[in-house]
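Each chain, letter by letter, is given below.
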Amino acid sequence: MADTSGTATADTATGTVAHDDAAAGGDGVRRRDFINIAALSAAGVGGAAVIYPLVTQMAPSADVLAESSTDVDVSAIEPGQAIKAVFRKQPLFVRRLTPEEIKAANDTPTDSLRDAESLADRTKEGHGDLLVTMGVCTHLGCVPLGAAEGENQGEFGGYFCPCHGSQFDTAGRIRKGPAPTNLEVPDYEFTSDTTIRVG
Amino acid sequence: MSFPWAKQYSPGNDFTKWVDEKLPLPRLVYNAVGAGYPVPRNLSYMWNFGVLAGFCLVLQIVTGVILAMHYAPNALVAFSSTEHIMRDVNWGWMLRYAHANGASFFFLVLYLHIFRGLYYSSYKAPREMIWLLGVVIFLLVMATAFMGYVLPWGQMSFWGAKVITGLFGAIPLVGEPIQIWLLGGYAPDNAALNRFFSLHFLLPFVTAGVIILHIWSLHIPGSSNPTGVEVKSESDTVPFHPYYTAKDGFGLGVFLIAYMAMVFFLPNYLGHADNYIEANPLATPANIVPEWYFWPFYAILRAFTFDFILPAKLWGVIGMFSSILLWFILPWLDRSPVRSGHYRPLFRKFFWFGLIPCILVLGYCGGAHLSTFTILASQIATAYYFLHFLVILPLLSSFEKPEPLPYSITEAVLGSDKKAVLGENTSPAV
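Chains as they are written, first to last, in the working numbering: chain F, 24 to 222; chain H, 405 to 834.
Source of the hints: derived by calculation from the structure; they are not laboratory data. Check each hint, because a few of them may be wrong.
To be verified - For each label pair, taking beta carbons as the anchor points, the in silico distance ranges come out as: (1) H:N672 - F:E90: 52 to 58 Å; (2) H:V462 - F:I106: 49 to 55 Å; (3) F:P114 - H:N672: 40 to 46 Å; (4) H:I681 - F:I106: 40 to 46 Å; (5) F:S92 - H:W422: 14 to 20 Å; (6) H:V614 - F:R220: 44 to 50 Å; (7) H:A595 - F:D86: 58 to 64 Å; (8) F:I58 - H:A677: 41 to 47 Å; (9) F:E90 - H:A716: 55 to 61 Å; (10) F:E90 - H:A650: 49 to 55 Å; (11) F:E90 - H:L774: 46 to 52 Å; (12) H:I733 - F:E90: 33 to 39 Å; (13) F:L63 - H:V614: 46 to 52 Å; (14) F:I58 - H:V423: 29 to 35 Å.
Fair warning: this is a prediction, and the values are worked out from it, not measured in the lab. Positions of the beta carbon are idealized from the N, C-alpha and C atoms, including for glycine.
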């Protein structure tokens, strides 16, 4: 039954089929070894091909990815005000800086910062007063305070995260507390003078 | 249990030795599906289907658990969440087709497994318990499949749920309250959908538990074989591994080719277009038929068209359920001491020319549009079905003169046992 090699013989002592090493072909490769390796390789490749869809099914689905660009009208934001929009189901802070806030940000030497970036690095040319950042603390993901009127803006007049006390300045840069990096500036562009498209 | 000549597990290194002392799981596997399980040397490919059925259960659980990550069991969104799986979820279409067709292939494999059991009388002593547990597994899988079919909340889902729960309404006096209780309402709705989802998730794991019992009870007498002659000596067996792992592996390859061909090229062939229409409690589709694997039983249900002491509706339900329930007494209906149909000339005739055609006719009629012809054909086939199990099988054992059995499995394979019965723990043949 499991007799695959021409020279296999029924071993009368055990009743099973024994295989002679002489079953190796002229090139010294045993037929059984070849079948073993070929079968296991095919099963391995097949298994990997099965794992791939089983894993990637958990990645964002098409309807989630379709939410990944958001238009925001910024015309109504007065200097000193901020609005909260939603980008990928997360808060997005859009803030019109006052001249004092811009000055405070520019007066801070960037080499003293944990995550060295200038205000100009974090805004678009010609729109240096519009700061667009994710409203997601880079420590562990809480929403910092400071965007809505009357909220605690922290020691540096920007944002303050109530979870673990991270303090961000008027350019949304980390100044104090556990957050490792500045508030993320998402990819965005001005589609008109008053509208930005995020994502 | 095992035969005295079964190979013993011996841990190869200190780590496996340590594991074996604390939790002898590798030993369990070795004794169950490894070299430690001696199996008759003459098993044909008909003995592949138990392993394949186990594979199908794993396949259904894996794809099912994933589908449950994306599906929402709420009557308001169930249908659209199914479409969400088909259109939005990465590989969702493939996973859903794999699950839907996996159900069909699960039943195909189960039916072949049961067919093997019926032809080779695998249900006879000492293997009655294996058979009884197998019938329990079959019933569990049927219930699971039915409830799973309801989940997409299409037209066939809805009306399938209504019709099948309606079966319980046929029970005298308590029928209607039971039906309302099962549905949690007067028609299938959110309550029914939610509990069906919950049970559809639970029952496969119950099934897995019963399968463990099924295999446990199998390993007490050991596997049957195509001759029906019990193992007598070491020369009658080979170790499960590598002999049957290889043979089952080959069968698995063939199975996967057929299965994948369906999933990728004919994914909706076995389904119904009506189920891509969202459930509508106000309109029944023109032809309500279950999935193919329920057709024979559906034909029995529809075969009872006349009142006779009890109402026709009740007869249909009794007929349908008892067509499977009678398998529970099958080991005691068939009293012939010969197991394999191969050595039973009369049984063989009734099996191939009676039972098998009658099940095929029932299958055809269950899936076909109702007509006077299909009803008459189902009535004749239903009558034969019960006659076969309840009258013909018990009588056969008195009339039939079985053909001579081989002395042993080895003799059946090699033509003679004299030179082969030399293993330890055996006495030479006379």
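Each hint, compared with the structure:
1. At about 30 Å, the CB distance of N672 of chain H to E90 of chain F disagrees with the hint of 52 to 58 Å.
2. The hint said 49 to 55 Å for the Cβ distance between V462 of chain H and I106 of chain F, and at roughly 52 Å that hint holds.
3. For the pair P114 of chain F and N672 of chain H, the supplied restraint of 40 to 46 Å holds, since their beta-carbon distance comes to about 43 Å.
4. Checked against the hint of 40 to 46 Å, the pair I681 of chain H and I106 of chain F passes, with Cβ atoms roughly 44 Å apart.
5. The hint said 14 to 20 Å for the Cβ distance between S92 of chain F and W422 of chain H, and at roughly 56 Å that hint is violated.
6. A C-beta distance of roughly 57 Å is found between V614 of chain H and R220 of chain F, which places it outside the suggested range of 44 to 50 Å.
7. Here the CB-CB span from A595 of chain H to D86 of chain F is close to 28 Å, at odds with the stated 58 to 64 Å.
8. Checking the proposed 41 to 47 Å range against I58 of chain F and A677 of chain H shows it holds: the Cβ atoms sit about 45 Å from each other.
9. In this structure the hint that E90 of chain F and A716 of chain H lie 55 to 61 Å apart at CB holds, the actual value being about 56 Å.
10. Our hint of 49 to 55 Å for E90 of chain F and A650 of chain H holds, since their Cβ atoms are close to 51 Å apart.
11. In this structure the hint that E90 of chain F and L774 of chain H lie 46 to 52 Å apart at CB holds, the actual value being about 49 Å.
12. Here the CB-CB span from I733 of chain H to E90 of chain F is close to 60 Å, at odds with the stated 33 to 39 Å.
13. At roughly 32 Å, the beta-carbon separation of L63 of chain F and V614 of chain H lies outside the given 46 to 52 Å, and the hint is violated.
14. Separated by about 30 Å at the C-beta atoms, I58 of chain F and V423 of chain H satisfy the suggested range of 29 to 35 Å.
Comparing the model with each numbered hint stated earlier shows that hints 1, 5, 6, 7, 12 and 13 do not hold.
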